[in-house]
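Chemist: All chains, full assembly: derive it from the sequences and hints.
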Amino acid sequence: MNPIAQTFGYILSPANWSSTASNPIGARLGEHLWYTLIALVITAVIAIPIGFAIGHTGRGRQVAVLVSGGARALPTLGVLTLFALLLGVGLEAPILSFVILAIPSVLAGAYSGFEAIDRRTIDAARAVGMTEWQIVTQVEIPLGLPLLIGGLRAAALQIVATATLAAYVGSGGLGTFIFLGLGANDFVQTAVGAVLVVALAILLEIVFSILQRLVVPAGVRAGRTSFGLVRAPRSRSAAGSPLQEGNN
Amino acid sequence: MFTAKKRRLAVFGAVAIGAMVALSGCSSSNPLKSGSTATASAGTIVIGSQQYYSNTIVAEAYAQALEAAGFKVDRQFNIGQRSVYLPELAAGKIDLIPDYSGNLLQFYDAKTTAKSEADIEAALPKALPSGLRVLTAAPATDQDTYTVTKAFSDKNGITSLADLKKFKGSLVVGANAEFQVRPYGIPGLKSVYGTTATLKAIADSGGPLTVGALKSGTVQLADIYSADPAIKANDFVSLADPQNMILPQQIIPVADKKIDTKAAAVIEKVDAALTQEQLISANSKSVNDKSSAAVIAKAFLQAAGIVK
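As they're listed, the protein sequences go chains A and B. Sequential numbering of the first sequence, starting at 317, is according to this note's numbering. Sequential numbering of the second sequence, starting at -3, is according to this note's numbering.
Honestly, the hints are just simulated from the structure, not real lab data. Be a bit skeptical, because a hint or two may be false.
[What the hints assert, rightly or not] Keeping only pairs whose Cα atoms sit at most 20 Å apart, straight-line, the calculated SDA-like set for lysine to any residue is:
#1 B/K211 with A/T397
#2 B/K211 with A/G404
#3 B/K304 with B/K254
#4 B/K254 with B/G66
#5 B/K186 with A/G404
[Stated by the list, open to error] Just a few of them, taken from the derived set where beta-carbon distance is under 10 Å, the chain A residues facing chain B:
#6 W350
#7 V405
#8 A483
Glycine is no exception: its CB is placed at the ideal position from the N, C-alpha and C atoms.
Modeler: Written out as C-alpha cells, the structure is:
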C-alpha cells in the first residue's frame, strides 16, 4: 500500500476511532475543535469591542495597526514555549498563544467593517436623531458584520492550523499524530494529523462562508443586485475579507 | 504617486535590505556546500558529532586530545541524526564520532535481543558495516530514565520500576510523543513491569517543560536523559531498571580505518576519564553556565591530565 492509501486507510478504520485505541481519532478531533473554539471566543471577547471602538471613533487606528502587526510577527511556537515555562504544561499556554495569534485578524475585521460603511449612511442616521449608541448598534454593527465575520473566519483558519502545537505541551489535539509520527519515523501518522487538520479547516471555512452570506443585511443585498453600490468610505475601501495574506 | 521624500525613503530601505543580505552572506560559510571533507588532506582525522550539545562536547574532547597528540583534526560537528552521519562514516567522509551503544546497535540490528551493556558491546562488531569499528566505551551513559521527584519516591517507597506496581492511583509519564509506541515506553512498562501508565506527550525531549511538569506534579514520571544536570539540580530520583528494559547507552566512539592504533589509544584515554560525574558536570557547564564546547572540553581534559 502506498503512504496516501495507508493514511486514508488509517483514518477510515473504525478501530482507530474506538475509545480503546491508544490515540482515538474522535477524541483528538474533539479536543482540536474545542481548543479552536475556546481561543476564538476569547479572541472575539477581547478584539471585537476594541475594534468597534476604533471603527466608530476613528481614533487609535494607527496604534491598533502597529500593535496587531507586531503581534502577527510573533512566532507562535516561541510564545507557546515562553508561556509554558511560566505557567507549566497544560491548556493555558497554548490557548493564550492562539489568542495572541488570532487577535490581529479579528481586530482588523471589526474596525474595517465600520470604516467601509458609506459615511452618508451614518450622517443620515445622525440626522434623523439617532444617538451614538443607536448608530453603533443599529447601523454600524449590522453593516460591518460581513467584514467582521471575515476577520473571524481568517482567525479560525489560523487557529485550527496552529492548534497542532497544543500537543507540544501535552494537551493533545490533532498535533498528537504529527508529533508521534515525527518522533517514531512513522510518517503515515504525521499525514493522518495533517489530513485531519485540513479537513477541519475546510469544514470551518464552509461554516463561516455560509455565515458571512447570511449576515449581509437585506437592504445592502438588494442595493448590490439592483443598483450597484456607490459608496464613499471614510479612509479606504474594503471588500470581502479584511485580510489578503496567509496565516502565520 | 510618490513624493520625492517617499521615494528617497524607499531607495534608502532597498539599499539597507540589500546590504543586510550581502553582509549575512559574508558572515558564515555557505551551509549548502558539501563539506570540506573532500579537501581535507590524507593525514587529517575528520571528527563528527550529533546535533546534541552533550555529544558535541565529547567530540570536541576527542578533537583536542588528538591535536595535543600531534594529529591534524577537521571538526564537522552537529550533523543531525544517525541515519545521516553513519552512512557518511561508512563512506569514509567522517573518521570518528561519539555514539551511544544501545541506539547504535539498534540502528544496524533492529531485532537485537542484547539487553546489557556487555551483550551490546559483544554484538556491535558483527553488526557494524565492514571498515567501521567501535573503540572502548566510556563509563558515562546518557540513556532514557523514568525519573520521579524525591518526595514521590520517599512517600511511596518507590526507587525501582518494579516498585511501581504497588502504587495505588494513576500514573502519568511526561515524555516525547513516540514514548507511546517505543518498547521501553508505555508498552514496555505494561509488558515488562505490569504497570499501566498514560502518556502526557511533551515534545521537548526531557527539557525544561518536562522537568517543570514533573516538579508541579502534572506528571508523576518523566523521561529525562541520565546525563541531564536537571536530575541532580532538582534532587530527582531516577528509577532502577532491574529487567534491563531500557537499553544502556554508554558513550562509545565509532571509528573507521583512518584511526590507527596510536590515535585509538588517545581516544580511549579520553573515554576512560569520561565518567558519569564528568559528563553531567560538562553538560551542566553548557546548560547552566552557557560555556562553549571548546572551553568545557579543555577543562575536562586538563583535569584528567590528558592535555596541559
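Chemist: Of all the hints given earlier, name the ones this structure violates by number, lowest first.
Modeler: 3, 5, 6
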